[in-house]
Structure formats: structure tokens, C-alpha cells
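Novice: Protein chains in written order, with our numbering: chain A, 1 to 322; chain B, 1 to 551.
Keep in mind that the hints were calculated from the coordinates and are not lab data. Some hints here could point you the wrong way.
Stated by the list, open to error - Under the rule of at most 20 angstroms between Cα atoms (straight-line distance), these lysine to any residue pairs were calculated in the SDA-like manner:
no., chain 1, residue 1, chain 2, residue 2
1, B, Lys417, A, Asn224
2, B, Lys131, B, Phe280
3, A, Lys130, B, Ala42
4, B, Lys548, B, Ala514
5, A, Lys129, B, Gln197
6, A, Lys58, A, Ser305
Stated by the list, open to error - Beyond 12 angstroms from chain B on every Cβ pair, some chain A residues (computed):
no., residue
7, Asn6
8, Arg7
9, Leu11
10, Gln12
11, Gly17
12, Gly20
13, Ile21
14, Ala27
15, Lys58
16, Ala109
17, Gly149
18, Lys152
19, Pro187
20, Ser293
21, Gly307
22, Lys314
Quick caveat: nothing in here was measured; it's all calculated off a predicted structure. By construction, the Cβ of each residue, glycine as well, lies at the ideal position given by its N, Cα and C atoms.
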Amino acid sequence: MTNDWNRRRFLQRAAIGCAGISAVTGAALMAKDAGRDAPESTEKVSQIRDFQASGKSKSGFIVVAKGTPDVATKKAIETLGGMKQFIEPGDTVVIKPNVGWDRTPVQAANTNPLVIRALVEMCVAAKAKKIIVTDNTCNEPSRCFTRSGIWKMAEEAGAEVVLPAEHRFRNFDIGGVILGQMPVLSPAVTADKFINVPIAKHHGLSKFTGAMKNLYGVLGGRRNRLHQNIDHSIADLADFIRPTLTVMDATRVLLRNGPQGGNIQDTKEVGEIIASTDQVAVDTYSCGLIGLSPADLPYLRLAASRGLGVADLKKIRIKRVS
Amino acid sequence: MGKKAGQQKKWLRFRVGRRISQVLFLTIFLFLIFATVGLTGAGFDAENSAAVPYPVEAFLDVNPLAMVTVFLSTFSVPKTLLWSLIVLASAVFFGRAFCSWVCPMGTLNHAVSETKPSLTKKQKRSRNQVKPAHKIKYLLLISLLVSALFGSAIVGVFDPISMVTRGIALTVLPIANYLVSEFIERTAASGSQSIQQLSDAVYGAAHGFVVHQGGLITASGTLLSLFFIAVLVANRFVPRFWCRYACPLGALLGLTGRFSLLSLKKDEDKCTQCGKCEQFCSGAASPMPGTNWERAECDVCMNCVAVCPEDALQFGLAGWAGLTENDGPDLRKRQLIGSALAGAVIVPIARTTTISSPGGRPDPACIRPPGAVAEESFLERCIRCGQCMKICPNNALHPALDEAGVEGLWTPILVPKVGYCEPTCTLCTQVCPTAAIKRVHEKQKTGASSKGAMVRIGTAFIQRGRCLPWAMGTPCTVCEEFCPVSPKAIRLERVTEQVNGTSVTLLRPYIDPALCTGCGACEYVCPVHDEAAVIVTSAGETRSKQNKLLL
Numbered sequence: 001m002t003n004d005w006n007r008r009r010f011l012q013r014a015a016i017g018c019a020g021i022s023a024v025t026g027a028a029l030m031a032k033d034a035g036r037d038a039p040e041s042t043e044k045v046s047q048i049r050d051f052q053a054s055g056k057s058k059s060g061f062i063v064v065a066k067g068t069p070d071v072a073t074k075k076a077i078e079t080l081g082g083m084k085q086f087i088e089p090g091d092t093v094v095i096k097p098n099v100g101w102d103r104t105p106v107q108a109a110n111t112n113p114l115v116i117r118a119l120v121e122m123c124v125a126a127k128a129k130k131i132i133v134t135d136n137t138c139n140e141p142s143r144c145f146t147r148s149g150i151w152k153m154a155e156e157a158g159a160e161v162v163l164p165a166e167h168r169f170r171n172f173d174i175g176g177v178i179l180g181q182m183p184v185l186s187p188a189v190t191a192d193k194f195i196n197v198p199i200a201k202h203h204g205l206s207k208f209t210g211a212m213k214n215l216y217g218v219l220g221g222r223r224n225r226l227h228q229n230i231d232h233s234i235a236d237l238a239d240f241i242r243p244t245l246t247v248m249d250a251t252r253v254l255l256r257n258g259p260q261g262g263n264i265q266d267t268k269e270v271g272e273i274i275a276s277t278d279q280v281a282v283d284t285y286s287c288g289l290i291g292l293s294p295a296d297l298p299y300l301r302l303a304a305s306r307g308l309g310v311a312d313l314k315k316i317r318i319k320r321v322s
Numbered sequence: 001m002g003k004k005a006g007q008q009k010k011w012l013r014f015r016v017g018r019r020i021s022q023v024l025f026l027t028i029f030l031f032l033i034f035a036t037v038g039l040t041g042a043g044f045d046a047e048n049s050a051a052v053p054y055p056v057e058a059f060l061d062v063n064p065l066a067m068v069t070v071f072l073s074t075f076s077v078p079k080t081l082l083w084s085l086i087v088l089a090s091a092v093f094f095g096r097a098f099c100s101w102v103c104p105m106g107t108l109n110h111a112v113s114e115t116k117p118s119l120t121k122k123q124k125r126s127r128n129q130v131k132p133a134h135k136i137k138y139l140l141l142i143s144l145l146v147s148a149l150f151g152s153a154i155v156g157v158f159d160p161i162s163m164v165t166r167g168i169a170l171t172v173l174p175i176a177n178y179l180v181s182e183f184i185e186r187t188a189a190s191g192s193q194s195i196q197q198l199s200d201a202v203y204g205a206a207h208g209f210v211v212h213q214g215g216l217i218t219a220s221g222t223l224l225s226l227f228f229i230a231v232l233v234a235n236r237f238v239p240r241f242w243c244r245y246a247c248p249l250g251a252l253l254g255l256t257g258r259f260s261l262l263s264l265k266k267d268e269d270k271c272t273q274c275g276k277c278e279q280f281c282s283g284a285a286s287p288m289p290g291t292n293w294e295r296a297e298c299d300v301c302m303n304c305v306a307v308c309p310e311d312a313l314q315f316g317l318a319g320w321a322g323l324t325e326n327d328g329p330d331l332r333k334r335q336l337i338g339s340a341l342a343g344a345v346i347v348p349i350a351r352t353t354t355i356s357s358p359g360g361r362p363d364p365a366c367i368r369p370p371g372a373v374a375e376e377s378f379l380e381r382c383i384r385c386g387q388c389m390k391i392c393p394n395n396a397l398h399p400a401l402d403e404a405g406v407e408g409l410w411t412p413i414l415v416p417k418v419g420y421c422e423p424t425c426t427l428c429t430q431v432c433p434t435a436a437i438k439r440v441h442e443k444q445k446t447g448a449s450s451k452g453a454m455v456r457i458g459t460a461f462i463q464r465g466r467c468l469p470w471a472m473g474t475p476c477t478v479c480e481e482f483c484p485v486s487p488k489a490i491r492l493e494r495v496t497e498q499v500n501g502t503s504v505t506l507l508r509p510y511i512d513p514a515l516c517t518g519c520g521a522c523e524y525v526c527p528v529h530d531e532a533a534v535i536v537t538s539a540g541e542t543r544s545k546q547n548k549l550l551l
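Isolated chain B, as found in the complex (with noise of 0.2 angstroms):
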């Protein structure tokens, strides 16, 4: 190594400021996730608690492609999502330097990828050729689009921030409060008091953090966390994997930077094709000089000119004469097309057929959270961001497989059997990106505003052949102590029953469907544990003009 060449040192302080900056992005990424709850404690008034304290959803809000897609999806953009504008011009300006200096997805994986140190520089060289299947983003980009167009917002399930922010509150969290639990469990379960001091030391500090009140699990989301982890190891076989072959977000951040001022200056004469940039490429975007530039591919990550030991590499912000790029990705006419038949034909597929539910109807297990507008709209805007997932207090939202149609993967569904919808809670409908819930107000809720404006997202059912009063002559009022509204939707009527020669006086509960909101406390606690003699179906939800129950 001889000594560094003239424009490398300033070089390296750029690739240092794209690390920070990494980290830096990361942290707050993680933070927001980890902040988003409902602010309680001591220091918090009974009045005005339990609001959420920051804008949790900022990395969301400033994701050009969930402003791309429901714009698309309803020609309508919540004012929160226009912040993405910025993303959006910064790609005008630097191509897809989103994608290696802020987006969290991206930092992850491009930690992963660096996780193979041993491979050779010949490996290494090989792992980051241009290869023709890098297109395949792009044509996954128009198939979503198109499928937005024709009113799905499927997208989530590939957007990188959708998926990051999934993959932490629903997988990452889930485990760590798994373990963390068990390691409390453990010790508060020792006979040694100090060993006790530290369980309730380590309860004090992730309480809230990472450890939820009664365990934290994600109905039906062993696929979801497949596939972020899966996200994750491609990157030990093809660095930034999900970056090159698959982002719609990168690919569309591609596209927009196309013109973008920012270029990649390659000087042929100073090079002595050692190779360097093209080992630690991190897009596989040719920065080696006498071959074209990918502009598109090309995340700024400034590994190339930091490493090129000639000053054969620049970046600059005009355009200089011997510019030799492809300054998008070679698109052929009838692959165009194909992907947008592809996306055409997602949204009927997905309405037509069904995987296992019948289909045709409303599903009952399909309970929308409080807020969430009328199931079409829903699909046009939800991108499965699982925020709404993340800051529900009573782990009651979760990803839902086929309860809302293929369509509807991954969209939150409430499972009262998990947990119920909290009666004065309103945080899920303050973190929707989309506006696909809609603000509420606790009063709404609890049925102690105007008819009109109540909040119903199902109703509850007496499955009188499992209900201990009901069927077995025992005691029990539960659900009603339970219900929330006033007047209770659950009504008891005393009755005398002969059991086994001797008269018994029950209290039999009645589900009166004007009252009920549908928020599945009866469920959660009804003692029959493993199926509840109360369930809480979506029939009767407010937002649904089909799924009335009532005249």
C-alpha cells in the first residue's frame, strides 16, 4: 500500500459520513419503533396521558413509494405523506442516495453483507457484476404501481420501510421480549433475593421497552418473519441482495434520479484496473472506468472512491464530457408490459379467488381496528407498515394471512383471543401512515358520544352451548363485568335453575348489538380458555355499509 492519493482522504471522510449517517438513521429508526407506545407513568396527568409523544411514523411518512401508491390507489395523498417530496427531490439531486445513507432496510442489510470477510477480492469482485436480473425491481415497481392503479396498496408487502418496520415491531420485538421475559421469569423464580433484585432491575428498565404486559406474540406471522429473515441471510450470498434484484422503493428512486446532477466522474488514464471500486461496490453499479456507469443502480455509498488508490474516481455535481453511463435500466418493450399485465391481473386474482376462507362475504375474523374506513378504501391504503400493530397496548392487532382475501396479507386484524381492543385506547389511529384508520376520538369508543359518530368494529356472540350459565348451571359474569360501554351491551337476566335436585340462580348474559362495540374484552376473558363461550365477530362494524346487522 503505497500512500493515499490526492483526492482519497477527502473521499474517505465521505464514506465515514455515510456510515454515521447510517447509524445515525438506524438509531432514530429504531428508537421511533421502540417509542411508539402510549406515553403512561408517573409523570404523566389522568386527564391527557397515553397520547403518542412523537411523530412514530416519520420514516413512513417520508416514503416516497406509499405517497406514489395511495395517490395512485385513491388520486388523493394524506398532507402527512407529502414530506416524502423531500426524499423524492433528494433523488433529483443524488440518485439513490436514500437508499445507502438513510434507509434503515438497506443499512441491515448492508451490515449483513459485510459479514464475509474471508472471501477473496476475486469473489468479491464477481458478487458485484451488473447482472441483467437487477431489473427485475423495476418491473416489480410497475406491477405494484399498476396493481395500485387498480386499487391495492400490495406494495406494503415489498416496501423496505413497510417491511423494516414489520420486521422489528412484529419479529425483532417478539423475541427479544421472549427472552427477556424468560430471563425474569427465571430469576425472580430463584430462591436468592439479590438474584430477585435484579429480575425487578431488569423489569424496571425494559418494561415498556421491550417487555410487554403479558407476552407479546404475532398471530399468524411465522411467514412475515420468514421472509424479513430471509431478506436478511440473501445478503450473505449477494451483498445488499434485496437493495439489487427486488426493492420497488430503490428501483423507483432509480428512476426518478436518472437525471440526476450527481455523477460519477471516471478517469480511464489514471486507472491501472486493480479493481478496488468494483470489490466494494455496494450496488453493483460498474464504477470501473471503461465500463458505463450505472447511474440507476449506483447508491452513493462511496466505497468506489474511497478505496480507487489513483484518483481515477470522482463524484461530482456537474456533468463532465467523458461521461460513460447507462442512466437507467434497459427496459425492453414487451417486459414493460408484461409486468403491468402482471399488476393488472394481482388485484382480480386476489378478488376472484380466496386460499382457504369461502370468500363472497365479509369474514367474521376480519375485525378491522377502530378507525379503519371501509374495506375497499382499506385495501386502497394500507401498505402493512404494522404500526398499528406495534402500538397497541394489549397485543391485539396482528398480521392477518387470508382473513381479509390474499389481498388483505398482512393487513391488522384484531384478535381478541390474543387480546382485546383497550376501551379508551385510541393509539393505532394516531400512527396510520395512510390514513387507512382514521383518527378517533376515546369517546367514540366507549359509546359516550352520539350514536352517529360511535365506533363499532363487530359485534358479540353467546355461544350459549359452551356458556357456564347457560349450559353447565354455574355462575359466572365475567363478560359482563368486562364490557366497557354504558349501559352494558351485555345484559344479565336471573334465572332459577333445578341442578342435580337443588335450585341454582343464575345471571344469564345477553348481547344487546345496539351497545356493543365489538371490542372483544368479553372474548379475552370469558374462563372457557381455549374457545370462548363469547366471540366477537366483524358483523355490525360501523364502516361497513354490507356487513350491517341491524335494521
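Excised from the complex, chain A in its bound form (with noise of 0.2 angstroms):
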């Protein structure tokens, strides 16, 4: 090539070095508009839609049914009315088990599999259209979804399991006393029905860790925060989420090492199922069932106060069947 610059050349050459430059600043200048002044997107709600079927909420009743865990649950759903009374045909069911660990059921560190795979069938009869099984697990959600046995049986009856992907998170205002913006796990609470199924567990903590606290499973992002003020957060989120039906697990508890244990010299055989539209009832009657008394529980009074369910143990109305 020949060094035969002119004046024409020159200006060429500048017209298109300017040209270049301001449209990468432009670019540049629109993608720091688009992305770093804009807040942050967030779906604005601060009531998600209340999963209690109208009409069907009985505050302070439970039922408390014994026996091997899918046939217990089986039973005690009957004795409630049935799952038709609570879900719709074409529903869209959300059944939220505690698969908070990497551990096998023995260990009672998560729900027993047996009982979602009872929920899943009645929910099939009950013409559900679909139903999903999810949790925002603490160990890794793989091994905890298939450890748990909860991936193959909740798969085997029909439901979807879906893992706790970080884009299945979106922020959500909870609207509590403390929770304010939080990552929530968006499947697990824009479906038509919230059942909550928690195992009654040993909580350093929190000292119990049942139906109430079971939805911490629903949060994302840095959840391990909450501890600081974990009463107020835990009546913030029932209040967040008001469950169709809480099913609680109490066929074999962990009353010591929770709330992941390890050791089944931990746990303990109660054999019981206990089923409420009433969470607060559900944890103010089983935190006995692993030796603590209501009183021990500030959650309790908390989420009572707010008009959330019963916590007073002489005013919940107990059937058991057996």
C-alpha cells in the first residue's frame, strides 16, 4: 500500500474515527441508562393471592390422625372433607414439602416421601391440572429432591418437581413488620393452591421448626439474614402465605440436632398426621410432640396477634382418628 495521504483522504478517515467513537459512547451511555440508573424490576405485591378456599377455613380445628405415614395422611385429609372441598378441578396445586437437607427419611430432616406421594394422588382425584412439588433447599436441591425420595415418588404419582433455579426467583414485597423486598421462588406462589407440608423438627433457633417456618422455602437471596429476627420473620411470612392446607409430619420427628439432625437416635416414631387449614393451630399443637411447651415459641403469640390462626392449645378443637 502507498503512503499517499491528501487532504480528502484525511477527512475521510476522520468522519469515520468520529463516527465510530460517538457510537460506541452511545451505545455505552444507553446501556448505563438502561441497566445502571433504572431501578431494579420487581413485581410489586404485597398480598400474593390468598390460597385459602373460601368458605372452607375452620380457625382453630385440626385433625390429628395416627398411622403409617401415606395411609395417616390419606386419612386425616378425609376427616378434614376431602381434598375436593379444597381443590378445583384444572388447579394449579403447589405442595411445598421441607427438602431443606441432603438426608435420607430415616433421618426425619425432611418430609416423608410417602406423605407427598399421598397429597399428589388426591390431588390427581381431585382433577388438579398440575402439581408442583418445590422447596428452596439448604444442601444442594439435587441430592436434597432425591435423597429426600420426595423427587421419585412426588414424579411417580404425577406431580412436577421443580428445582429452586436462581431465574425461578423474582422479587417480591412481603409486606411484613421486617421482611420487606425479598427473592421469592415464583412458581411456589403463583399457583391457584399452597399446600404446606412441613415435618415437626428440633430448631436451634427458633427451637421448633414446623409449618410456619417451613415457608422460608419459598425465599431465595440471602435468607441466612433472617436469623437476627427470626419470630417477627417467620409471623411476616405466614402472614405472606396462607396456605389451603397445612399437612404437618409427624411420623417421625427430630427432637434433637435440627434442623437437619443426621443421627436417627435423634428421632423419634409418633406416627401422626396432622391436617388444619389453620397453620398456626398446626405448629401451637405438634411443638409438643417433640417435648416443647407453646409458651416456648414467641412466633406463636406473634402470628396469633396478627389474626393468622389460633395459638392458644385449649381453644383448637383436636379430632383424632385413627
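Using the hints, put the two standalone chains together into the complex.
Specialist: Here it is as C-alpha cells:
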């Protein structure tokens, strides 16, 4: 190439250069404008759908069924009026077990898979359109769902297991006393019906982890900060999500070293399934199964004072079946 | 172009066969890397799931360089490495055919080398000339084997099978994970429901394959990545650069194949000196009649016989009268002594100097995977293939820089800040090809077995100045909640403290060093996010006699 610079060529090059620089700068400014300065997009939903089936909720009423996990679960729901009372044909139902840990069923750190299978079968029979089983686990999700036995049993019974993948979290405004905007596992809260299926366990800080504490499992982000005010945050969550049904797995409970245990000696066979539409009443009854009294759990009082349910054991009507 | 010479058709078929073989073995190799996961999903029972499904380390098991190294450093050979005798035997028959028919690193190098179609015939020929510097690989091999004799498996840094396993698992995979995850995140963030369904579909297809829960990074892996990429890019300048100049496995196979049965028959009478054979020779092995064939450089790619228009070149299993060859590298006595000496001093240098760590004592950050043998034996065995790092479900294992000394470059260490050792997982102990990590049972990790058999990889320490209940009057028990052993190694003590005039009840964490396994879950989940208020160091690891903590 010859080095024949002239004015025309200089101007041409200068024009191209300037255009290039302005294009890049413009693009950068636009990108900055769109990305950095704009507030993070959030779905402002202070109160998500009230999952309670209208007219079917009985505050302060619980059913306690004795038996093997699946039989007792079916018996408890039947006694409560049957799944058709709560699930309408065509509903999308979320079943939220406790799948917190990479543990097997005998260690009683996760909800028993037979309970989940029984519930899925009943939802199928009630003609639910779609049944989602999901939880934001503490240990690695694939291992938790597999080794809890829930992945296999839920899918065999006709449910879909939805893993807590990062893209499935959306910012929601919890609208609580201390919980504001938090990332929430969106498939868990955008269904028609929500069945909370906790397991009764010991917990070092909140002492008891049952129904209301199990709702931590729909939160993402840095939820480990919630422990700084655990009682209020549990009450906030119970206010945010009012489940259609709460089915407590107390077939085998964890007495010590909760919430993940690990040692079979920490567990105790109780053989009960507790079902209710009142999550506060379920926790109030169930904490006794691991040797606690409702007075030990400040979050029960907080929830009751917000009108979320009954926290006074004397006012709870218990129907026992076996 | 005239019609094909009589024998050429046959050799063209061999070349096609070689290409099919390369694609096949590369596919198997990549499949095994991506299949290096514990099996999870709806198809598995609670009690017997999450085991390693296939012999994912197969390519390392057949690696004779790993076998020879471990034999020299420990005078024993893990049973699985005996498979490598097959490859060694293949060299006796077919020379370096492994390089060009099987080796996944060779195939990648070969593929990149082919990306220069614009070169003239003359340029191609000149790039494929025999160079004296090709013998560097033999000298490197000698150095590495001598250092193995001195007790160091540093050979893994240069071993092509380790290099390509590491490269795919610790460089390519995190990049793929990053890109696919970004795509999923962005489509999921869009308002449109149909686009959000796309992100779910992509996640469903890629989860457990390239998409890793919670992201995938390689801590202090930049050097490793650049090294791998540089090896690939070098092929743009010299075809199969690594294979010709540096590959110690290629050198080992070249030396083994010194008296191989396979020979290149050259017919000088038919040859018109057109130079096509040289133009396509992948090993720079001097295929042209009239020159000495370099047996140890030839990787039997079948290009020369396939392109010769004159039928002047043939491969045959029997020797032939007019064979003119150099059967091995021309290694001078002084070069041999020099490289052996270099290998001999590498180990003492690596053990008496450090780059930045103080040395002399176990490094707090040198937390080895559960089942790792004592450090000295570990360095004798670990060939830095990265299989353990790949299979870790929590992205907890990472290639060391100098946490284990210079000698420990790219050996696995646990970085609890990135991921903790999953309490019941034993996957990394199932894939180590050289038994640097021994098989461990789940019970040994969770403390559910007898004390003596328990595997402890380190110990947690509370940093009271950073801990919320210790220093800041704020309740928190997350470390205790996550502690996976039973009874828990983190004990809580109830105290009531005056904070700004109000009394606050706090549960303060204490570590019980007799119960702590060093899994790092506490450090990982500590809400003090940047530098945790509880940290795990290698102190108290059961594999070490020196690094004991308790009486």
C-alpha cells in the first residue's frame, strides 16, 4: 500500500473515526442508562393470592390421624372433608414439603416422601391440572430432592418437581413488619392452591421448625440474615402466605440436632399426621410432639395476634382418627 | 489431478478411519466429563443414589504416563491404572498411533491446526520440517520422571490427558455454565411468558449438564485457563505444537514405540518429490522418500499415505529392506544428564522455597478433599487431572496455586467460601485415578461411624470479632443450623447482654474440635458475607500426623 495521504483521505478517515467513537460512546451511555441507573424491576405484590379455599377454612380446628405416613395422610384429609373441598378441577397446586437437607427419610430431616405421594395422588383424584412440588433447599437441591425420596415418589404419582433454579426467583414485597422485598421462588406462590407439608423438627434458634418456619423455603437470596429476628420473620412469612392446607408430617420427628439431624437416635416415631387450614394451630399442637410448649415459641403469639390462627392449645379443637 | 493411484484408495479409507476414531474418542471423552456427576433425579431411590454412574476417569486410567509416574514415586501401581498397559502395548505395535487416533488433547490440537487453509503448499511444508527442538519433549519427560522418583507427581501439569480433562472441566465448562445461565436469567427476566418458558426449557435441558446450581467458578484458575488456551492457540503457528515439542506422554509412547512393528515403506523410485506427504504430515516425521523417517515423531495419522499420488508410501507391519529411519530422538549424553539433573533439583527447590506462603508448616488454606492421603503421599500421586473438582456438586474443590507449595500447583483444595463439602457426598473419593484420594464411606464423613474411622479435613474457628452474637449483640445461629454432624460440632451457649439499655438474649456459638469435620458449611453460610465470622482451616485433618490439634 502506498502512503499517499491527502486532504480528502484525511477527512474521510477523520469522519469515520469520529462516527465510530460516537457510536461506541452512545451505546455505552444507553447501556448505562438502561442498566445501572434504572431501578431494579420488581413485581410489587404485597399480598399474593390468598390460597385459602373460600368458606372451607376452619380456624382452630385440626385433625390428628395416626398410622403409617400414607394411610394417615389420606385419613387426615378425608376427615377434614376430602381434597375436593379444597382443590377445584383445573387448579394448579403447589405442594411445599421440607426438602431442606441431603438426608434420607429415616433421619427425619425432610418430609416423608410417602406423605407427599399420598397428597399428590389425592390432588390428581381431585382433578388438579398441574401439581408442582418445590422447595428452596439448604444443601445441594438435586441431592436433597433425590435422597429425600421425594423426587421419585412425587413424579411417579404425577407431580412435577421444580428445582429452585436462580432464574425462578422474583422480587416480591413481603410487606411484613421486618421483611420487605425478598427474592421468592415464583412457581411456589403463583399457583392457585398451596399445600404446606412440613415435618416437626427441633431448631437451634427458633426451637421448633414446623409449618410456619417451613415457609422459609420459598425465599431465596441471603435468607440467612433472617435469623437476626427469627420470630418476626416467621410471622411475616405466615402473613405473606396463607396456605390452603397445612399437613404436618409427625410420623417420625427430630428431637435434637435439628434442623438437619443426621443421627437416627435423634429421631422418635410418633406416627401422627396433623392436617388443618390453620397453620398456627398446627404448630401450636405439634411443638408438643418434640417436648416443647407453645409458650416457648414467641412466633406463635405474634402470628395469633395478627389474626393468622389460633395459638392457644385450649381453644384448639382436635379431632383424632386412626 | 490424475486418477487415484492403486493403493491410495485403501489409505484414504484408513485416514477416514482415523478421523472417525478421533471424533468417537473425543465424544466419549467429553461425555465422560459431562457425565462426571452423581446421579440424581426422579429415577433414583433415596437410599442408593448419587453414586458415580460410569468409570468417568477412564481416559486417565489408560494413561501410561500416570502409571509410570505413580510407579516411580510410590513403587506401587493402583489396579485401575493397569489398564494403561493396553496403550503401552499399542505403542509396541503401532508407535504413537494413540496420539493421533485416541488422545482427546491430540484431537483438539489437530482440529485447531487445521484452521489455516490459506497457507501455501510451501508454507505448509516448511511448518512440518523436523526441528531439533522437537526433542524438548523427551528431555521434559526425563526431568518429570526423575522428579517422580524424588516423590513428586508434578508431571500432571504437563500430562496431556490431565491437561485436557482440566481444560474442559475447569475452563470450558464454567464458561459454558456462565453463558447458558446468563441466557436463562435474561430470558426469565423478560416480561413475556413464552420467553420465560424458553428459559425453563433450557434450564431443564442443561441442568446437571452445563448448568450448575449456584454458578460455577474455578478459584485461582486463571493461570490454568490461560495455559490451556495457549496450548490450543499455539497450533495456529505450528501444527500440533504441544504434541511435537512438549508432550511428555507423546515422548513416552515415542520411546516405547522405538521398535514398533509398524513401519513406513518409502519407494524412492516412484516418488516425484512432489512434497504432498510433508505438506500434510501431522507429526513432522519426515515422510518423504529420500529422507530418514522419524519413527518416534510419527503419530500414524495416515495423511502421507493417503495423499501420495504415486503409491510411493505404504504402512506395513513387517520391516522392509530399504527402511531408512531415525528410530528415536537424537539425545546427547549431556542433554540427558542435564534434564535428569533438572528433574532432580525441581523437587528440592519446590520443597525449600515458596512463592508467597510462609511455608514450613501446613498451610491453613490447604484443605484437602476427604479421603486424601497424607500430604507427602498426596503429592506423589496427584496428577492434577481435576476430576475431583469437576464432580464436586458444590463447586467446593479448586486448583491450588501455592497453598500446597509450588509443587502442589493445581492440586485440589477445598475453598469453603465458594462451596462446602456436602456432608453425605463421597463422589470425589470415587473418581481419583491415582488413589491420591481414597474411597470414603458416607458414615466416615458424618461422624456416624466409630471415632477412629472418621474423616476430618480441617477445623472451624469462630472469629469472635466478626460474629454477630459475639461482637454485635445480634442473634444469629446459622452456622449451628448448618452444622451437619450429630451431635453438632457447634454448641450454642445462652447469654443475656445489655445492648443500648435493653437486655438481649443471645446464643453464642462455640466449636467442639472433637466433633468438627471441617466441612466448611458454617463458613459458607455465615451471613457475614465477605469474610465469614467462622472460618475453616486444615488444622486437625485426620490424614496428617503433624497438623493435629487435640491431644
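Novice: Give a verdict on every hint.
Specialist: How the hints compare with the structure:
1. Lys417(B) with Asn224(A): Since the Cα atoms of Lys417(B) and Asn224(A) sit roughly 15 angstroms apart, the hinted pair holds (cutoff 20 angstroms).
2. Lys131(B) with Phe280(B): 16 angstroms, holds
3. Lys130(A) with Ala42(B): 17 angstroms, holds
4. Lys548(B) with Ala514(B): Status holds; Cα separation ~11 angstroms.
5. Lys129(A) with Gln197(B): Cα-Cα ~18 angstroms, so holds.
6. Lys58(A) with Ser305(A): Given that 20 angstroms is the threshold and the Cα spacing comes to 17 angstroms, the pair holds.
7. Asn6: 33 angstroms, holds
8. Arg7: Its Cβ never comes within 12 angstroms of chain B, the nearest being 36 angstroms, so this holds.
9. Leu11: 34 angstroms, holds
10. Gln12: 29 angstroms, holds
11. Gly17: 29 angstroms, holds
12. Gly20: With a cut-off of 12 angstroms, Gly20(A) remains clear of chain B, as the shortest Cβ separation is near 27 angstroms.
13. Ile21: Since the minimum Cβ distance to chain B is about 28 angstroms, Ile21(A) lies beyond 12 angstroms and the statement holds.
14. Ala27: 18 angstroms, holds
15. Lys58: 33 angstroms, holds
16. Ala109: 10 angstroms, violated
17. Gly149: 3 angstroms, violated
18. Lys152: 5 angstroms, violated
19. Pro187: At roughly 9 angstroms from the nearest Cβ of chain B, Pro187(A) sits no farther out than 12 angstroms, so the non-interface label is violated.
20. Ser293: Non-interface label stands for Ser293(A): nearest chain B Cβ at 17 angstroms, farther than 12 angstroms.
21. Gly307: 26 angstroms, holds
22. Lys314: 27 angstroms, holds
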